[in-house]
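So the protein lines, in turn, are chains A and B.
Numbering-wise (numbering that gives the first Met the number 0), the first sequence opens with residue 0 and increments by one.
Numbering-wise (numbering that gives the first Met the number 0), the second sequence opens with residue 0 and increments by one.
Read the hints as simulated data drawn from the structure, not as lab findings.
One should not assume that every hint holds.
Taking lysine-lysine and the DSS-like style, the derived pairs with C-alpha atoms no more than 25 Å apart in a straight line are [to be verified]:
1) B:K64 - A:K254
2) B:K19 - B:K113
3) A:K113 - A:K138
4) A:K64 - B:K254
5) B:K189 - A:K226
Chain A stretches covered by chain B per the calculated footprint, using a threshold of three residues with CB under 8 Å from any CB of chain B [claimed, not checked]:
6) 8 to 20
7) 26 to 39
8) 173 to 186
9) 226 to 235
The beta carbon of each residue, even a glycine, is placed where N, CA and C say it ideally should be.
Number of protein chains: 2
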Amino acid sequence: MKICVAGLGIIGGSLALALKRAEYSVAGWNRSQKPLEYALNNNIIDEAAADFKKFDLVFVALPPKAAVKFINENEFKDGAVVADICGVKGYLEKEIYKKPRNFRYVGTHPMAGKEVSGIENACANLFDGASMIIINGEKSDIYAVQLLAELSAEMGFKKIIECSAEEHDGKIAYTSQLAHVVSNAYVKNKEIEGCLGFTGGSFQDMTRIAGVDENVWAELYLLNGEKLSTQIGSLVSSLNEIKTALDGGDEEELKRVLKSGRETFEKNKG
Amino acid sequence: MKICVAGLGIIGGSLALALKRAEYSVAGWNRSQKPLEYALNNNIIDEAAADFKKFDLVFVALPPKAAVKFINENEFKDGAVVADICGVKGYLEKEIYKKPRNFRYVGTHPMAGKEVSGIENACANLFDGASMIIINGEKSDIYAVQLLAELSAEMGFKKIIECSAEEHDGKIAYTSQLAHVVSNAYVKNKEIEGCLGFTGGSFQDMTRIAGVDENVWAELYLLNGEKLSTQIGSLVSSLNEIKTALDGGDEEELKRVLKSGRETFEKNKG
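Next up, chain A with everything else stripped away, as it sits in the complex (with noise of 0.2 Å):
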């Protein structure tokens, strides 16, 4: 099976590297020549791809908008397999299945990253242990779904998710884009700043992804924004609710909120 990863950041870098330690060889290519250097001078892709028409499986590690153009852009081989790792998806299904495509689509979100960016960042092991979104819906093609399942756990992913863009979308707003907003509401503060020295882990752990780049998560949350403007919304109810209780003064309704969100957690912490 010849393979191209099309887009070498963190993400794409380390998809490159985890399909090489299961012994693929792996094609890359990238919008800017620097990280394709890197990556072939770091062994991270075994060659720069030319003409994607040569390749069986194609992952574009795009952002949203870049990838829907990358895919629009290129041509792929009859019945490739063509797979995006964009945080949203209904927004690519929407995009690709516009009209007939000669290749086989299939949405994927690997569940791992870090708070930086950038294929110098790329590790093999990123995926070791995470969990594999696969979108398969009502669209979707099942030999492409089945493929990205089996590749995905030679990758070293633990556990294999399939999923609708939608209940993707709605989950993802939730466990993942909220809390990199909250992250960054959490600074903004005057209180941050001399700090240094009050904080323990528990600061540590709700801003460390604080520092993460704009203009890639603003692109996710527009194209999420519904679902994660209610997200927001539920929140601030909650923390509300607990100011309420604190402003009140009544230690035994303060215990009965916090109580309340104690055993939410420990129901669905699995």
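Using the hints provided, position chain B relative to the given structure of chain A.
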């Protein structure tokens, strides 16, 4: 120097272990019998304390109201150092300085902990690399502050921070209490059902402390209620600022809002 740790939970137990590691002999006391027996059987303390007047240093590792009660109801050696480890300091000072004392009071806050509690989770290296906050305000006893600073370094703390109770309570409302509130609010969401597999590191970080004991934290929150309430309000404002930009659908405006959060973080993360 004869040392006693009163209150054998995770913090008291870890203080005892860190002191023993530094070759001090440590006596222990607890309100209930079981943790005391556990501490004796597992060599966490050297002996059970009977008469607190025997000790040169008494660590009071109890929740705030219980700590004040313990200090008021017991007698200590003239000039002994009595140190509490509570997460709120203004309340402690107000209560302790209500009347003249024959001992030297000092407020401390070891900036380390776990999402679990109890003596069975105590460990000698809990404070290694952490910050120790020591209250050094207008009424503080310089000898007690100095003793605790020296001892903290011996116990493995990396950074000793001296500040007023007022500054401590303001900073801690933001760096610690708010993080616990956010984690509790984050999990109180109907999306949490069935979201296993859709979670990555950012969700794990955001929710690690969601299961802490509300009986411990409600008291801390209420004793620092005004400052914590202000912090919750400030976070809600920042969240709503992002939500407004998101709802507006303007990518440049959303990037601007997110960028100002990221830059504040980067300027202050040290």
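Taking each numbered hint in turn, which are not upheld by the structure, reported in ascending numerical order? Of the numbered hints, 3, 6, 7 do not hold.
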